[in-house]
Amino acid sequence: MPITLPPGTAPGLLTPGIDSVEAVDLGGGTMELNMGPQHPSTHGVLRLLLDLDGEVVRQCRPDIGFLHTGFEKSFESHTYQQCIPYTDRMDYLGPPINNLGFALAAERLLGIDVPLRAQYLRVIMAELARIGSHLLWFGTTALDVGAMTPFVYSWRERERILDINELVSGVRMHTSFIRVGGLLADVPDDFYAIAQSVVDTFPKAIDEYEVLISGNPIFRERTRNIGAISAADALNYGMTGPCLRGSGVPYDVRKQQPYSSYDHFDFDIPVGVRGDIYDRYLCRMQELRESLKIVDQALNNLPSGPVNTPDRRVAAPPRNEINTSMESLIRHFKLSTEGFRPPKGQVYQAVESPRGELGFYIVSDGSNRPYRVKVRAPSFSNLTALPHMVKGELLADLVAVIGSIDIVLGDVDR
Amino acid sequence: MKASQYLLDSGLRVGNGVAADPVLVFAVKAAIVVLGLTLAAAFLTWAERKVAGRIQLRYGPNRVGPYGLFQPIADVLKLLFKENLAPATRDKLLFLVGPSLAVGTAILAFAVIPLSAVNHGIGAGYDLHWDISHLNIGLLFILAVTSLGAYSIFLGGWSANSKYSLLGGLRSTAQLISYEMAVSFSLIGVVILTGSLDLEKIVTQQNHAWFVVMQPLAFLLYFTGALAETNRAPFDLPEAEQELVAGYHTEYSSLRFGLYFLGEYVNVITVCAIATTLFLGGWLPIVPFLSFIPGVLWFIGKVAVLILVVMWIRWTLPRLRYDRLMSLGWKVLLPLGLLNIVITGAVVAFQAA
Amino acid sequence: MLDAYIPILAFFGICVVFAAGVPLLSAWLGPRKPSPEKSMPYESGVVPQIGARQRFSVSFYVTAMLFIIFDVESIFLFPWATIVRQLKIFGFVEMVVFIATLFIGLVYVWRKGAFRWE
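Protein sequences, first through last, are from chains A, B and C. First residue of the first sequence? That's 10 in our numbering, and the numbers climb one at a time after it. First residue of the second sequence? That's 158 in our numbering, and the numbers climb one at a time after it. First residue of the third sequence? That's 463 in our numbering, and the numbers climb one at a time after it.
Looking at chain A on its own, in the form it has when it is part of the complex:
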C-alpha cells in the first residue's frame, strides 16, 4: 500500500525517497496452516489452526463442531428406551459402553437393579468393545507414525469382535444391545465358545503387535518424550482414561466407583510415568490384556437366570400374561407407546469408556422423556489439552499426539 496523504497536504511534500517506499508486511515469521477438516490424519473432521514456524508448531487451535449432530438435544424428544440407539452413535468405536452409561443412569433414576447375569454380560460386551476400540487405536497410531502394516493386523482381530456383536445383536457396530433394565436378549448358545476363543487367542496377537511396534527403535524415537503432559496438568485439563493414567494417575471409574459389578473381577490399572505418547501407548496395550482378563473371569463365572429386570415399570409383562390379563395388555401397550416414567430428580452416572470417564447427567421432570441430558465426553476433555501438549513440537509429532489422545469426533461434538 502506498502511503496515503492526509487531506490538505501539498503533493510536493512527499519527496521521492524513503517516504514513498512501500511498507512490506513480513508477517510474524509463522505460517498459518489449516489442518482439517478434510485431512487424512485428524481422525475425522477435526480442524486445527496451526501457526507453523518451519516445521515447529508454535500454536494450535482446535476448531470442533463439524460432526455436531445434536444428540443431547435429541434425547429430550425421545423416550428413555429410544435414546439408546443415539448413544451408540456418539462414541462410535465403543457403542456398548455408551449404552451401558445411559442405561445405568436411567436405572439409577428408576431405582432398579438388573439381574447379575445381565450385569456380567454387560461387562463382557463393554470390555470386548474396549478391546475393539483399542485395537483400532493401535492400528491408527502405527499409521500416524508411518507404519502401514500393523493397521491391517489389528483390524483382523477387531473383525472377530464385530462378529460377536453381530452374533448377539444382529448388528456389527451400533448394537444397542444394552437396554434400560437389562439387555436386548440373552446371548445365543455359540456365544460362549466364540468369546472364549477370543480370550484365548488374543494375547498371542497382542504379543505380535508388541514385537512389531513396541520395540521398534523408530517408533520409540517418535513417541518417547513427545507430547508429554504432567499429572497435575492432565488433571487440570480434566483428562481421563489412558491419557491421564499415562501421566501416572491411577484413576479408573471401574475401580473408583465400580458399576455393573466390576468389583467382582480381578484386574489391574496400568499407569505410566512420563505422560508421553509412548506411556499412553503402553497403558493401552496393557489395558488390552487386562480387559481380556476381565472377559475371561466374567465368562467363566457367568451366572444363569434372566437378563432383564423383573420390575414391571420397565419390563414388559411376559407373553402368556398378556394373553390372559387385560391389565398386562394395557401395560405392554403403554410401555411400547409411551415408555416408562422415572420419578423427578437428577442423576450422574459415569462409566469408563476406552477414552476415559464417560458421564451421563440426566434430569428427569417425571415425564417419559428426559428433561435434559448432558454427556461428559472423554474425548472432548482430552482434546482440550492438545494445544498444551503440542506447543513447540514438530508437525509430525502433532499427528502422533492426536493419535495418542485417541479422540472420536462423534464423541467430541455429540
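Simulated from the structure, these hints should not be mistaken for laboratory data. Fair warning: there could be bad hints in the mix.
Mimicking SDA-like on lysine to any residue, the simulated pairs with C-alpha atoms at most 25 Å apart in a straight line are [said to hold, decoys possible]: (1) 574/C with 484/B; (2) 249/B with 494/C; (3) 239/B with 574/C; (4) 358/B with 185/B; (5) 488/B with 230/A; (6) 500/C with 186/B; (7) 500/C with 49/A; (8) 488/B with 570/C; (9) 186/B with 565/C; (10) 550/C with 239/B; (11) 495/C with 251/B; (12) 488/B with 229/A.
Starting from the structure of chain A, add chains B and C where the hints point.
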C-alpha cells in the same frame, strides 16, 4: 523398399561382417531403455501392491488380467483420461516443468549404466556396449543427473502455491540435498579401489570379490542414502500423507501426478541399478560356473532383489521424524562417509607405496 | 573423446520429448471443465485466506548453504580418488588434511547448532 529389407541393409546382420549402423543401434537402445524403464516402473507399482498385500494378509490387485497383471495398464489409462486440475494461483511454467523433470532426469540417469559386459568386435570391429553411451566418467554423470531430480520436487511443491505442497517441497529439498552428500561420499570408497569412474571398469574389477565385501560400510551408507534420495520409507517424509496429505504433489492430478509416480519408481530402479553396479558386481554371476546365464539376467535379477528389499522396508517400518532424518544424514552418515574415505584411502595408498 | 556425449545428447532429447509429451497427451485426452472451486489450492477443505508465498523458516536456507559447501568439497574428492595409487602417501596425507579441515568445519556448524531443526 520394405522395412525389413531396410533393416537388413542398414546393418542388423552384424554377424555377417556388416558394421552396425551406430544410429540404428542407438535408436534400438534408446527405445529399449525408455520403454523398458516405463514399463518396468508401471509393473513395479503392481509388484509393490502385491508385496504390500502379501505382507498385510491381503491379495493385492487380482481382478484385471491374470494375477492382476494388467492393473498398471488400467491405472495409466485412467490417469490419461482424467482432467488436469491446477490451482489458479500456480506459477504456470514451473508447475508444468516439475513432473516432466522428475521423470526426465530419472530416465536420463540410466543412460550410462551398463547392463552387461561389452561384446567386443561383433561386426567389423564394432564393440557393443550395453548402455546408451559409454562414458569414462559415468559415475559423475549419474550423480549430476540425479541431483537435478531434486529440482522437480521443489519446483512442483513451490509452484503450486499451496501450503501443503510448499511444506512438502521444502522438506524434501532439505532432505534430498542432505542425503546427496552421504550418497556421493559413500561412492568415493569404490572409486578409490578401482581408480576409475567408468562403470564398466568398476564392474569388471569385481571379478574376484564384489565391492560389498570390501566396502560394507559404504554399501550400507549408499543404500540408506538412496532410500532417502528416492523418498522411500522410512524416509518418505516429502509425501508423508499423515502429515502433509500428499506433500509436494498435493495439487497435481491426472498424468502429471502419474509422472511423479513414474519418476519415483524409475528412480528406485536407477539407485538399485547403481548399487548393483558398484557393490554387487553388476552383471557378474554369483559363482563362475553359473556364467552361462546371460549377464543381463544377472543384472536384472540383482536389481529385482534390491527393489524387493526396498519394498519390504516400506511396508515394515514407521517413518522417521523430520529432525531425526536430518540428524541422521548430517551427524551419522556424513562423518561415517568421511571415515570410510580415509580408511579406504589409507589402505590403498600404503599398499601402493 | 567427446563422441561419447553425442548419444547422451540425443537421449536427452528423447527424454525431453517423452517427459513433455506425456502430460500434453493427457491434457488433450482428458476432459476440461474448470470451476473456481476446482482451481483453489487444497487446504484441508478450508478456503485459504493467505497464499503460500510467505516467509519460511531460515533453517532451510542454512541447510542449503551447508550443502553447497560440502557438495563442492565432494567434487574435489573424486579426482583424487581415481589416482590414489599414483599419488601414494603424499596424496593421501594431503587429502587427510583436506578432509580434516572439512570435518572441523562440520564440527563447528554442529556446535553452532545448525543441525537443530526444532
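Hints, one by one, checked against the model:
1. 574/C with 484/B: holds, 14 Å
2. 249/B with 494/C: holds, 17 Å
3. 239/B with 574/C: Not satisfied, since the Cα-Cα distance of roughly 50 Å exceeds 25 Å.
4. 358/B with 185/B: holds, 24 Å
5. 488/B with 230/A: Measuring from Cα to Cα gives roughly 16 Å; hence the hint holds.
6. 500/C with 186/B: violated, 42 Å
7. 500/C with 49/A: holds, 19 Å
8. 488/B with 570/C: holds, 12 Å
9. 186/B with 565/C: violated, 43 Å
10. 550/C with 239/B: Roughly 61 Å separates the two Cα atoms, so the pair is violated.
11. 495/C with 251/B: This hinted pair holds, its Cα atoms lying about 22 Å apart.
12. 488/B with 229/A: holds, 20 Å
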